[in-house]
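The task is to assemble the complex, starting from two chains supplied on their own in separate frames and drawing on the hints.
Just so you know, the protein sequences line up as chains A and B, in that order.
Counting in the numbering used here, the first sequence runs from 1 upward without gaps.
Counting in the numbering used here, the second sequence runs from 1 upward without gaps.
For the record, the hints were derived by calculation from the structure and aren't laboratory data.
Treat the hints with caution; some may be incorrect.
With a straight-line cut-off of 25 angstroms between C-alpha atoms, the simulated SDA-like cross-links for lysine to any residue are [claimed, not checked]:
#  : chain 1 : residue 1 : chain 2 : residue 2
1  : A       : K306      : A       : N383
2  : A       : K337      : B       : I14
3  : A       : K123      : B       : I3
4  : A       : K341      : B       : K96
5  : A       : K336      : A       : D452
6  : B       : K96       : A       : Y78
7  : A       : K462      : A       : S309
8  : A       : K455      : A       : N270
9  : A       : K123      : B       : I14
10 : A       : K418      : A       : A302
11 : B       : K97       : A       : P81
12 : B       : K96       : A       : K418
13 : B       : K96       : A       : R79
14 : A       : K294      : A       : N270
15 : B       : K97       : A       : F162
16 : B       : K97       : A       : L374
Stretch-level coverage of chain A by chain B, calculated; a stretch enters the list once three of its residues show a Cβ under 8 angstroms from a Cβ in chain B [stated by the list, open to error]:
#  : region
17 : 33-39
18 : 165-171
19 : 253-263
20 : 323-333
21 : 354-363
Every residue, glycine too, gets a C-beta built ideally from N, C-alpha and C.
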Amino acid sequence: MSANLSAILYLVSGVLFILALRGLSSPETSRQGNLFGIIGMVIAVTVTFLSVSNFSSGFIYVLIFLAIGGSIGAFIAYRIPMTAMPELVAGFHSLVGLAAVFVAISAFINPAAFNLGVPGEIKLASLIEMAIGAAVGAITFSGSVIAFLKLQGIMSGAPITFKGQHLLNALLLILIVILTIYLCSTQSSNLFWILIAVSFLIGFLIIIPIGGADMPVVISMLNSYSGWAAAGIGFTLENTALIITGALVGSSGAILSYIMCKGMNRSFFNVILGGFGATDQNSGGQNTEQRPVKSGNADDAAFLMKNASSVIIVPGYGMAVAQAQHALREMVDTLKKNDIKVSYAIHPVAGRMPGHMNVLLAEANVPYDEVFELEEINNDFANTDVAFVIGANDVTNPVAKTDPQSPIYGMPVLDVEKCKSVLFVKRSLSPGYAGIDNDLFYKENTLMLFADAKKMTEDITKNL
Amino acid sequence: MEIDPFIFRLSIFILSIFVGYYVVWSVTPSLHTPLMSVTNAISSVIIVGAIIAALSGGDGMVFSSSSIYGFLAIILAAVNIFGGFLVTQRMLAMYKKKKKDK
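This is chain B alone, in the form it adopts within the complex (with noise of 0.2 angstroms):
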């Protein structure tokens, strides 16, 4: 008997939030906000699907009513993906050690 791609994809889920759980728990306390912001740009990576979606109508819809969807979307995964990576970058870069000479 075969088994379903499904079961494979679980797998990849449910091993997936083991990994998350360990490596969220070694996150250090003082960059929980950066967490939140970087897990959310990653989230973003929802824009695969929106950029299959956009391209749904093919050569002779660019604006069928599925790819609408598709490119607001496109918009909304993008300005995460953007402002999250960013705005994270930003914070870490105030992260600094005590001066040494002190």
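Next comes chain A alone, as it looks inside the complex (with noise of 0.2 angstroms):
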């Protein structure tokens, strides 16, 4: 195959791709939009194979390694929970990341097979790129692992700090720019793969201090780097699919992870440079003092539920937990039966990724258009009987509109306090993941119902 053609067949792919990520601006054409992002991938895989002119051996392994990936892949998409995505997104993540460092290490080994030179007399303009694409691509990997450790529970979601950390995190960063200098002017093999080794160690030391509240911004984040990891990749190889594919990626990560801290306000770097949550600031403990809770059973809230005509139900990272969103639904279909205009309203960080609630809601058979964002409900909370509280807590805290001194002052909540009741489904009166205490707990028209998030939604149903 001649390169130009195939140069101009993988600008389809690269097409294909941006109008795979263009469906997604509405669900009708979403899964449309996933058909062209598989005959993007479709298209590049098969004019590499004829681009490749030697069909070697070679070629049989390469079939082979490419059904075993792909059945493993296939198997995880059927088999993981919908709970589970955050997880499977962070790992997925740090194997773009590896994949990567290994095509930049391939490259480094053997440049004359990518027309990139001899080893030891590497083009320079390719050598920064395969370091880029490499220190990018390792501090994907590390990142994302850490990631997928603190979702899965594995490792205590609870930010790890230490003392000089930003310091420390600042000089392996100009460590990793000397390094590539001096890589470019000795072509010396020791330093890329120390220059691999402190990008792993970046990776690792910057999401360690990021707490578990604070995930949606990491995996956004690490999604961006995955982006530019590939890109770099791209630039090395010559390749236009991977050049687009990895600045949309890198792009769709940027925007992803600014929403995300928009919906905490919290500049970037305040999440980055971590410890929310550790920083004990003031206002958390030292309020101790008993203050009167108003707290109720499933009959009790049953009753409100009856007697509403409209209902807002407000899900958060407990509903996740406690696979509570089935049950959620039945309730609702109990409620509609009676007549009871229920709406779910969902804050952008609710959940451990972006749009997380939404997908367990789909999961759940709730049709999407009954799904609200912040802006669009939060003047609904007014004129309705009773908010549904289900696994949600920082993001519903009017101390964020309250309180100067608040760590969370400022944030965007949902105005669930100007409903005539709120009902709020809690394990305990426990501050959620800001460390603060939810001033709503004691508002005079809250019920609050202590238990497991299912099992008193059930219950609730089978009052009704």
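Structural data, given as structure tokens:
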């Protein structure tokens, strides 16, 4: 296959990837978009096969390894529960990162195969691109592994901080730059290995200080990194499909990180420099005098909802943990039978990744046009009878609007307290991830339902 | 004076960032999770590099030091391609509209 033809076909597959993302602008077009993505991938892989002129015996092994990886991927994709989506995505990011590192290593060892010169005399531009691809890939890999371990609960979600952390990270980043410069002048393979090792270390160090509730930002950020790593390799291989895709994924992840940060009213650096939840910012522990709380049972909750004409459900990470989405939908079905208007309100950072709650509700067969974003629904709370908060906490805290001392002050929150009454399902009065007390618990119109989210929802349904 | 081909690639890269920026802002927030899984799948197009690397040994040496890294990268990228697209498809199949008869 001529080089020009394959370049054009790579461009076609890049365009198909753009259309794949474009399809996601609405659920109706999204499935078609995914199909475009698959076609784009098939084109890219086929063109690569056809442009590697020698069909050596290695070709069979390529197909075998492709089949092994493909079956593992397909198996995971069908078996994974929807509640585990954040872990899955973090895990997948780590694979992209590692694949980028491996391709860079291979290109460094055998540059002739990639038309980049001979070992020891690799073209300067290629060497820089390779080093960037390898470094970003390695950071993506180790960072994603830590994010995966934290989300999976294997590693504590609490931020791990130590003195001089930021200084150490800054020094390591400078070290990467110095190593790259020396690598270019000496072409030494030892420097290349050290560069990769230091990058692994950086990825590890930048994610450990970030707490569980900030995971939406972390996952989006790693998503972005995996894109830049792919783009770096794309420049090395002079491959348009990779460059376009890398840029798309890179900017997509960056935008998602921005949206998540905005949802918490925090700057990106504030999140990355970490330690939310660990830094005890006064407003937490001190104020622990017992304030009166009204608590109720499933019976009371059912009574309140039966007499309501409208209910807004506010789901959060706790719903995912308790796997309560199906029980919740059954409760809503019963409410609807009683002619009660039900809608769902979703905060941008509810859950552990962007859109986490939407996927869970979709899994439970909740129609997506009953699910609303914060800006769309926030004015409706004032005209609503009952708010049912299930597994959310900080995102409903009115303190964010009233107390400038609070660490979450200024964060956009759902105006749940404006409802006539609030039902708050929670296991105990413990504060949320931000480590601050929720004023909503002590409001006159709040009824706390202390129980497991799934069990409570089922009990309410029985009592309706 | 001739323009370095690198500049063309850089142009594609920069323009793609802008395309990505506008396309991603148009993605509805409820589909942000599928967005992440599909971007994950498409970034595995890095498999083209892995294939070139895996076949770099030529006929004599199927498993040379450089091709082994290529084969490993093929497995990783293939997990992502199949896993990413299939899980996205599974998620998107769940997004349904309210039935009209209600």
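Discussion item. Let me make sure I understand: some of the numbered hints might not hold for this structure. Which ones are they, in numerical order?
Written reply: 2, 8, 12, 14, 15, 18 and 20
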